Amino acid sequence: MDRAFPYLNREVSWLDFNLRVLAMAGDEGVPLLERARFLAIHGSNLDEFFQVRVAGLKNLLESGIARLTPDGMSVTGQMAEIRNATQHQYSLIEEIFHGELVPALRDVGISYSHWSSLDDDDRAWLDAQFRDRIFPVLTPLAVDPAHPFPYISDRSLNLAVFLRHPHGGSQQFARVKVPPILPRFVLMPDGERFVPLEQVIARHLGSLFPGMSVVNHCPFRVTRDADLSIDDDQSDDLMKAIESQLAQRRFGEPVRLEIESHVNEEVRTFLTRELNLDDTDVYLVRGPLDMSGLSSLYGLDRPKLKYLPHTPQTPPAFARARDAGRSMFATLREHDVLVHHPYESFASSVEEFIGRACRDPQVLAIKMTMYRTSDDSSIVRSLIHAAENGKQVVVLVELQARFDEEANIEWARELERAGVHVGYGLVGLKTHSKTALIVREEGDVIRRYGHIGTGNYNSDTARAYEDIGLFTADPEIGADLSELFNGLTGYSARYSYQKLVVAPHSVRASILALIDIESHYDDGEIVLKMNSLVDAAIIEALYEASKLGTKIELIVRGTCCLVPGLSGISENITVRSIVGRYLEHSRIYRFGSKRRGHTYLIGSADLMPRNLDGRVEALIPVNDPSHIERLDRIIDQYLADDQLAWELDNNGNWWHIAGPNGNNVQLMLEASATRRTNNLIRDSAHTPPSPNGARPEVSHPPRNV
Numbered sequence: 000m001d002r003a004f005p006y007l008n009r010e011v012s013w014l015d016f017n018l019r020v021l022a023m024a025g026d027e028g029v030p031l032l033e034r035a036r037f038l039a040i041h042g043s044n045l046d047e048f049f050q051v052r053v054a055g056l057k058n059l060l061e062s063g064i065a066r067l068t069p070d071g072m073s074v075t076g077q078m079a080e081i082r083n084a085t086q087h088q089y090s091l092i093e094e095i096f097h098g099e100l101v102p103a104l105r106d107v108g109i110s111y112s113h114w115s116s117l118d119d120d121d122r123a124w125l126d127a128q129f130r131d132r133i134f135p136v137l138t139p140l141a142v143d144p145a146h147p148f149p150y151i152s153d154r155s156l157n158l159a160v161f162l163r164h165p166h167g168g169s170q171q172f173a174r175v176k177v178p179p180i181l182p183r184f185v186l187m188p189d190g191e192r193f194v195p196l197e198q199v200i201a202r203h204l205g206s207l208f209p210g211m212s213v214v215n216h217c218p219f220r221v222t223r224d225a226d227l228s229i230d231d232d233q234s235d236d237l238m239k240a241i242e243s244q245l246a247q248r249r250f251g252e253p254v255r256l257e258i259e260s261h262v263n264e265e266v267r268t269f270l271t272r273e274l275n276l277d278d279t280d281v282y283l284v285r286g287p288l289d290m291s292g293l294s295s296l297y298g299l300d301r302p303k304l305k306y307l308p309h310t311p312q313t314p315p316a317f318a319r320a321r322d323a324g325r326s327m328f329a330t331l332r333e334h335d336v337l338v339h340h341p342y343e344s345f346a347s348s349v350e351e352f353i354g355r356a357c358r359d360p361q362v363l364a365i366k367m368t369m370y371r372t373s374d375d376s377s378i379v380r381s382l383i384h385a386a387e388n389g390k391q392v393v394v395l396v397e398l399q400a401r402f403d404e405e406a407n408i409e410w411a412r413e414l415e416r417a418g419v420h421v422g423y424g425l426v427g428l429k430t431h432s433k434t435a436l437i438v439r440e441e442g443d444v445i446r447r448y449g450h451i452g453t454g455n456y457n458s459d460t461a462r463a464y465e466d467i468g469l470f471t472a473d474p475e476i477g478a479d480l481s482e483l484f485n486g487l488t489g490y491s492a493r494y495s496y497q498k499l500v501v502a503p504h505s506v507r508a509s510i511l512a513l514i515d516i517e518s519h520y521d522d523g524e525i526v527l528k529m530n531s532l533v534d535a536a537i538i539e540a541l542y543e544a545s546k547l548g549t550k551i552e553l554i555v556r557g558t559c560c561l562v563p564g565l566s567g568i569s570e571n572i573t574v575r576s577i578v579g580r581y582l583e584h585s586r587i588y589r590f591g592s593k594r595r596g597h598t599y600l601i602g603s604a605d606l607m608p609r610n611l612d613g614r615v616e617a618l619i620p621v622n623d624p625s626h627i628e629r630l631d632r633i634i635d636q637y638l639a640d641d642q643l644a645w646e647l648d649n650n651g652n653w654w655h656i657a658g659p660n661g662n663n664v665q666l667m668l669e670a671s672a673t674r675r676t677n678n679l680i681r682d683s684a685h686t687p688p689s690p691n692g693a694r695p696e697v698s699h700p701p702r703n704v
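Heads up: the sequence shown at position 178 corresponds to 177 in numbering that gives the first Met the number 0, and the numbers run straight through without jumps.
Rather than coming from a laboratory, the hints here were simulated on the basis of the structure.
There may be inaccurate statements among the hints.
Think about it this way: if two alpha-carbon atoms lie no more than 20 Å apart in a straight line, the pair counts; the simulated DMTMM-like pairs of lysine to aspartate or glutamate are [stated by the list, open to error]:
#	residue 1	residue 2
1	Lys303	Glu669
2	Lys429	Asp226
3	Lys550	Glu539
4	Lys429	Glu409
5	Lys593	Asp635
6	Lys176	Asp226
7	Lys593	Glu552
8	Lys305	Asp459
9	Lys550	Glu570
10	Lys550	Glu482
11	Lys303	Glu33
12	Lys546	Glu524
13	Lys305	Asp26
14	Lys176	Glu191
15	Lys550	Asp635
16	Lys429	Glu482
17	Lys176	Asp46
18	Lys176	Asp143
19	Lys305	Asp106
20	Lys593	Asp522
21	Lys546	Asp521
22	Lys303	Asp153
23	Lys550	Glu409
24	Lys305	Glu191
25	Lys550	Glu646
26	Lys305	Glu33
27	Lys176	Asp106
28	Lys303	Asp515
29	Lys550	Asp521
30	Lys303	Glu99
31	Lys593	Asp612
On a predicted model such as this, the values are computed, not experimentally measured, just so you know.
Using the sequences and the hints, build the whole thing.
As structure tokens, then:
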């Protein structure tokens, strides 16, 4: 499919994002253990890419569907590009890990040790560890006419072993799985040296195959198709359908084989044939395989080798209320509260909001969406407590949140057992919005309080993901949230709201309308911050706005299919990506110039077809002038960053900005949050409530979207 405008390939663009993550591992300015953690993140990201994206492309090939992407690339062309990019990244991993990290860690007393480098005492200690802790959980599996080639589970680390009987005969093959229940690396008694577990097992293969001669062995790892295929229209019970698919996920077709590069041709050919893979699916990697295991090193008690700790601050508005002995609800009756995680505390804002509502005898109902949550969720515990105490509690659990399906099924069942009304959203649509609604009886008045955010209700990721959230008692937004939840739990033909912008019905149309409006001003300006920009209609609209002179600045963490800086097409568009300590996750959409005032939308929706057409997403306008000023400052800091930022050129290449000003946006936002708290401590005075609880006037109301 040819398009009349430039469009970068989605898969290649995502691999470019993961390359930027890998660059953090190679950055000498990043603390050493953080660099190891970035290698682990890169490995986990690449695993998921093969499990989902590459698996999808292979399925298209097998089905014979000759579909071209919007950039005109065929499936085979994409597979070739993916292989080239992946091989390049493997070579960089080798260079970073063996050439940079290992020597640098050794200099500070942390050694990546190969078995051959250990002395007799070390080996004796590992012999004992193998005998007592490793050997009991190993299961050697032979392959012969009586034992077919064993199933190799997804992302498991294994040893391929070729054996020969002492009395002769042909070679025999066996597989030994490296147990995932054991630590990926064996930490030596000094606490500073780590040895890959597979090397310890490899040196004791004689214990697993007594009397046999080990001819050859080599570590290998298989990645399988792990994407679920749920047909909502054909399933009477979505939970059962997902459980059935989960049971089949581990049996997905292989899509990638990683083998340590010292493998001989016989082992490689045998594994490739038995796994029904092509040579193009095989990647030779200098060990250790599975760099995601490096995350275990991060547990070492070496604070000087990590980022300086940051304590998330209590949002000042809630801190003032707490110090004055007033409730969060009283604060929200006076004004909205904007929060920015992880710089401001998730626990003292979102968790406290839900927790107080669950304990408050005046609260009648609590409704919220749950896409991903943490293993030990205080929010879930609070909701269970509220339901057990007679409150109306409704939770929309997205069972199809990729790779969190099992956890969400467990939470859904636990919530249902406690009497929570659990829903699973609309047929054919994932519920991805981040919304909560509290209904509270206050005298003879029923008031609604809402939270709309860009991130999941997950306390774990809230410490590592950058997100924005808005708390409000705006009656119109409360009414909108009621309509949204009623539509998700019941039946509704209503697709328009007073203030909320909701996908799949109005997000794309609203964004397109705002782009069009801005393109007709002489001082038109657009700034869009998001995770991914893929939607062709929005990209085309941005090109048209650029042609009319609109200044467009895009901050895209991951995939970006738009090409900036093309003469006559996108010369007024710049694209940057911020990759740093925190995962940039917020979606902030700004329209308007400083002279005319800015219109802001924040929420859950990225500008991708799957978000705009296949999910329930929610965006909310930010009205309060002080919040608009704050978002302006935040956006200005993102645009001024010259340490974490990368820029996309008109050839589709990303370039790291190494500017002279030393502006690290994430450090600046940490400092801003701390400064706001310090100012609060110095000045405890606050604006008195508006008469009769009236909401303040808004000087720059958003356009009707």
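Outcome of the hint check:
| no. | hint | verdict |
| --- | --- | --- |
| 1 | Lys303 with Glu669 | 19 Å, holds |
| 2 | Lys429 with Asp226 | 15 Å, holds |
| 3 | Lys550 with Glu539 | 15 Å, holds |
| 4 | Lys429 with Glu409 | 18 Å, holds |
| 5 | Lys593 with Asp635 | 12 Å, holds |
| 6 | Lys176 with Asp226 | 23 Å, violated |
| 7 | Lys593 with Glu552 | 14 Å, holds |
| 8 | Lys305 with Asp459 | 18 Å, holds |
| 9 | Lys550 with Glu570 | 9 Å, holds |
| 10 | Lys550 with Glu482 | 36 Å, violated |
| 11 | Lys303 with Glu33 | 11 Å, holds |
| 12 | Lys546 with Glu524 | 13 Å, holds |
| 13 | Lys305 with Asp26 | 13 Å, holds |
| 14 | Lys176 with Glu191 | 26 Å, violated |
| 15 | Lys550 with Asp635 | 15 Å, holds |
| 16 | Lys429 with Glu482 | 17 Å, holds |
| 17 | Lys176 with Asp46 | 18 Å, holds |
| 18 | Lys176 with Asp143 | 17 Å, holds |
| 19 | Lys305 with Asp106 | 16 Å, holds |
| 20 | Lys593 with Asp522 | 9 Å, holds |
| 21 | Lys546 with Asp521 | 12 Å, holds |
| 22 | Lys303 with Asp153 | 36 Å, violated |
| 23 | Lys550 with Glu409 | 48 Å, violated |
| 24 | Lys305 with Glu191 | 16 Å, holds |
| 25 | Lys550 with Glu646 | 16 Å, holds |
| 26 | Lys305 with Glu33 | 6 Å, holds |
| 27 | Lys176 with Asp106 | 33 Å, violated |
| 28 | Lys303 with Asp515 | 51 Å, violated |
| 29 | Lys550 with Asp521 | 10 Å, holds |
| 30 | Lys303 with Glu99 | 18 Å, holds |
| 31 | Lys593 with Asp612 | 32 Å, violated |
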